[in-house]
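Novice: Using the hints, build the complex out of the two chains.
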Amino acid sequence: MINKLEMKISAMLENEGVVRNAVAAFVSSYNPTLEEIIDIKTILSEAVSNAIIHGYEYDKNKDVLIKATIEDNKLELIVQDYGKGIEDIEEALKNNFSTQKDQEKTGIGFTIMKSLSDHFEIQSSVNVGTKLKITKILQMDEVRAN
Amino acid sequence: MAKKITYKIVDGFLVIKIDGDLDNMATFQYKTKLCEIIKLNQFKQVIIDLSNVTFIDSSGIGLLLGRYNQVKQYGGHLILCGINKQIKKTIQITGIASIIDIYEDGFEQLKKSEVVL
Ligand SMILES: Nc1ncnc2c1ncn2[C@@H]1O[C@H](COP(=O)(O)OP(=O)(O)OP(=O)(O)O)[C@@H](O)[C@H]1O
Ligand SMILES: [Mg+2]
Numbered sequence: 001m002i003n004k005l006e007m008k009i010s011a012m013l014e015n016e017g018v019v020r021n022a023v024a025a026f027v028s029s030y031n032p033t034l035e036e037i038i039d040i041k042t043i044l045s046e047a048v049s050n051a052i053i054h055g056y057e058y059d060k061n062k063d064v065l066i067k068a069t070i071e072d073n074k075l076e077l078i079v080q081d082y083g084k085g086i087e088d089i090e091e092a093l094k095n096n097f098s099t100q101k102d103q104e105k106t107g108i109g110f111t112i113m114k115s116l117s118d119h120f121e122i123q124s125s126v127n128v129g130t131k132l133k134i135t136k137i138l139q140m141d142e143v144r145a146n
Numbered sequence: 001m002a003k004k005i006t007y008k009i010v011d012g013f014l015v016i017k018i019d020g021d022l023d024n025m026a027t028f029q030y031k032t033k034l035c036e037i038i039k040l041n042q043f044k045q046v047i048i049d050l051s052n053v054t055f056i057d058s059s060g061i062g063l064l065l066g067r068y069n070q071v072k073q074y075g076g077h078l079i080l081c082g083i084n085k086q087i088k089k090t091i092q093i094t095g096i097a098s099i100i101d102i103y104e105d106g107f108e109q110l111k112k113s114e115v116v117l
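So the sequences go chain by chain: A and B.
With this note's numbering applied, the first sequence corresponds to residues 1 to 146, in that order.
With this note's numbering applied, the second sequence corresponds to residues 1 to 117, in that order.
Check before you lean on any hint, since a few could be wrong.
[Claimed, not checked] Covered stretches of chain B, going by a simulated chain A footprint (3 or more residues, C-beta under 8 Å): (1) 24-35; (2) 62-73; (3) 85-95.
[Said to hold, decoys possible] Here are some chain A residues the structure puts well away from chain B; computed CB gaps all over 10 Å: (4) S29; (5) E90; (6) K131.
[As the list claims (entries may be wrong)] Within a straight-line C-alpha distance of at most 25 Å, the following computed DMTMM-like cross-link-like pairs (lysine to aspartate or glutamate) qualify: (7) B:K72 x B:E104; (8) A:K60 x A:E6; (9) B:K89 x A:D118; (10) A:K8 x A:E121; (11) A:K62 x A:D88; (12) B:K33 x A:D102; (13) B:K88 x A:E35; (14) B:K39 x A:D102; (15) B:K88 x A:E36; (16) B:K17 x A:E35; (17) A:K114 x A:E71; (18) B:K88 x A:D118; (19) B:K4 x A:E14; (20) B:K89 x A:E35; (21) B:K3 x A:E36; (22) B:K85 x A:D118; (23) A:K133 x A:D72; (24) A:K101 x B:E36; (25) B:K3 x A:E104; (26) A:K131 x A:D63; (27) B:K33 x A:E57; (28) B:K89 x A:E104; (29) A:K105 x A:E87; (30) B:K17 x A:E14; (31) B:K4 x A:E104; (32) B:K33 x A:E14; (33) A:K114 x A:E91; (34) A:K84 x A:E121; (35) B:K89 x A:E121; (36) A:K133 x A:E76; (37) B:K3 x A:E14; (38) B:K31 x A:D59; (39) B:K17 x A:E104; (40) A:K105 x B:D101.
Note that these hints are calculated values from the structure, not bench results.
Cβ coordinates follow ideal geometry from the N, Cα and C atoms, glycine included.
The following block holds chain B by itself, in its conformation from the complex (with noise of 0.2 Å):
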């Protein structure tokens, strides 16, 4: 899968899509889009789909935790969805979760589900 990020705005959500390899080499592609995306339209609630990440390492645990402390800042709240069995484990082992409400399904699946983010 191709590495990309796209963003778009629903409901009052910002929604920011990961494709492919969370890796040094993305998480440093990455960052600073990231940072401005959320800066440029401090919404009071972020979602990150992680639904197409093919793989996830510290580097990307790290970038996800400085982008909800960054939506923490201006009060904020982020959260993580789509997480895949590929990036599951990972995710698990670093107990993020005990910070960042995290969501398996991905944001299409949420939304239809009707879960109260």
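Only chain A is shown next, with the shape it has when bound in the complex (with noise of 0.2 Å):
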């Protein structure tokens, strides 16, 4: 069976933790470990911010899409925003890359977020937007699979 959790948020930071808390409720109920949820919450805090803070560039009026797809033991999250895009996907993905260095940002969220996944897509053109498309896989135990 699918189930699903789809999300639109305004883009500001005080709703980032919302999203990966609610995510983290809607997993919660297929058993997940503590690692497994940190993971998750963790994937999530990088896109979302990602989305605010270089896609919008803060702007409130902008809207970011959240999405939550469980089947089995596959947890799918998509996170889309329609502002900037990135010029150079390839380079944006290097650790330590940053157009913020100046912000004390570190360049490490794309790292954080392909080391934790399973699976890690992006998409982006300049001015259209950013989609990821993130798979998990979750652990099975013997209960949860009865």
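Specialist: Here it is as structure tokens:
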């Protein structure tokens, strides 16, 4: 069975915590491990904050879309913005690459998202927006499988 | 856990304790205050205790690295302690342990075990 949760949030950092805790609650009925919950929250925090900070440059009138879908033990997360887009995706994905180093940004957001997920996909075009599709396979214990 | 930062001075160490989620929102709220506490005191030894931090992301890592550089600039030394299981993995992925000295135990524990800091 497929189970899904969709959210549309105003591009405010205040909403980032709301998203990660809502998705964590949504996933919690699937008996994830604590580590999996932390991984999912961290991935979402990175993706949503990038959309707000880089995609929309803190424009509160803009919306970020978040979709979480679970089928069996596969969780798929989609985080999408209709903002600025990324000029050079390959460069952006590099560890320590940030267009905001002066703001104490270290450019490790994508590195974190990639290492915590099982599959990571990015689509982005300048002035169109950015869409991330991230898959996380949840460990299923015996109890869950029944 | 409520978000807050507190600090105290113990045996010549400036010990800063952060509580709650260290996300973009918290980083935004804490940065000025943290900078000021450090600038005002200019202690040679600064410890940031993360025992009560319940979540960390790249913004939190950026904040810690920023303070490390701030302390280094006036010739001080900053260490992180209290790396609990909620933040350990992210700390590891980012590799900041190769730059900043990190201890798993919180400050109280470290003091008891008489680790030479
Ligand atoms: N949704 C987005 N829209 C536009 N540009 C983006 C988006 N997400 C990321 N980027 C670009 O990719 C770069 C790298 O992103 P990454 O998350 O790795 O680092 P950062 O956000 O700059 O710093 P950190 O995440 O470490 O705080 C950003 O600096 C930004 O230029
Ligand atoms: Mg980022």
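Novice: All hints, please: hold or fail.
Specialist: Now the hints, each set against the structure:
no.: 1; hint: 24-35; verdict: holds (count 4)
no.: 2; hint: 62-73; verdict: holds (count 4)
no.: 3; hint: 85-95; verdict: holds (count 6)
no.: 4; hint: S29; verdict: holds, 21 Å
no.: 5; hint: E90; verdict: holds, 19 Å
no.: 6; hint: K131; verdict: holds, 20 Å
no.: 7; hint: B:K72 x B:E104; verdict: holds, 22 Å
no.: 8; hint: A:K60 x A:E6; verdict: holds, 19 Å
no.: 9; hint: B:K89 x A:D118; verdict: holds, 16 Å
no.: 10; hint: A:K8 x A:E121; verdict: holds, 20 Å
no.: 11; hint: A:K62 x A:D88; verdict: holds, 23 Å
no.: 12; hint: B:K33 x A:D102; verdict: holds, 18 Å
no.: 13; hint: B:K88 x A:E35; verdict: holds, 10 Å
no.: 14; hint: B:K39 x A:D102; verdict: holds, 19 Å
no.: 15; hint: B:K88 x A:E36; verdict: holds, 13 Å
no.: 16; hint: B:K17 x A:E35; verdict: holds, 24 Å
no.: 17; hint: A:K114 x A:E71; verdict: holds, 21 Å
no.: 18; hint: B:K88 x A:D118; verdict: holds, 19 Å
no.: 19; hint: B:K4 x A:E14; verdict: holds, 16 Å
no.: 20; hint: B:K89 x A:E35; verdict: holds, 9 Å
no.: 21; hint: B:K3 x A:E36; verdict: holds, 23 Å
no.: 22; hint: B:K85 x A:D118; verdict: holds, 21 Å
no.: 23; hint: A:K133 x A:D72; verdict: holds, 18 Å
no.: 24; hint: A:K101 x B:E36; verdict: holds, 21 Å
no.: 25; hint: B:K3 x A:E104; verdict: holds, 21 Å
no.: 26; hint: A:K131 x A:D63; verdict: holds, 13 Å
no.: 27; hint: B:K33 x A:E57; verdict: holds, 24 Å
no.: 28; hint: B:K89 x A:E104; verdict: holds, 21 Å
no.: 29; hint: A:K105 x A:E87; verdict: holds, 18 Å
no.: 30; hint: B:K17 x A:E14; verdict: holds, 22 Å
no.: 31; hint: B:K4 x A:E104; verdict: holds, 20 Å
no.: 32; hint: B:K33 x A:E14; verdict: holds, 19 Å
no.: 33; hint: A:K114 x A:E91; verdict: holds, 15 Å
no.: 34; hint: A:K84 x A:E121; verdict: holds, 18 Å
no.: 35; hint: B:K89 x A:E121; verdict: holds, 22 Å
no.: 36; hint: A:K133 x A:E76; verdict: holds, 7 Å
no.: 37; hint: B:K3 x A:E14; verdict: holds, 13 Å
no.: 38; hint: B:K31 x A:D59; verdict: holds, 21 Å
no.: 39; hint: B:K17 x A:E104; verdict: holds, 20 Å
no.: 40; hint: A:K105 x B:D101; verdict: holds, 20 Å
Of the numbered hints listed earlier, not one is contradicted by the structure.
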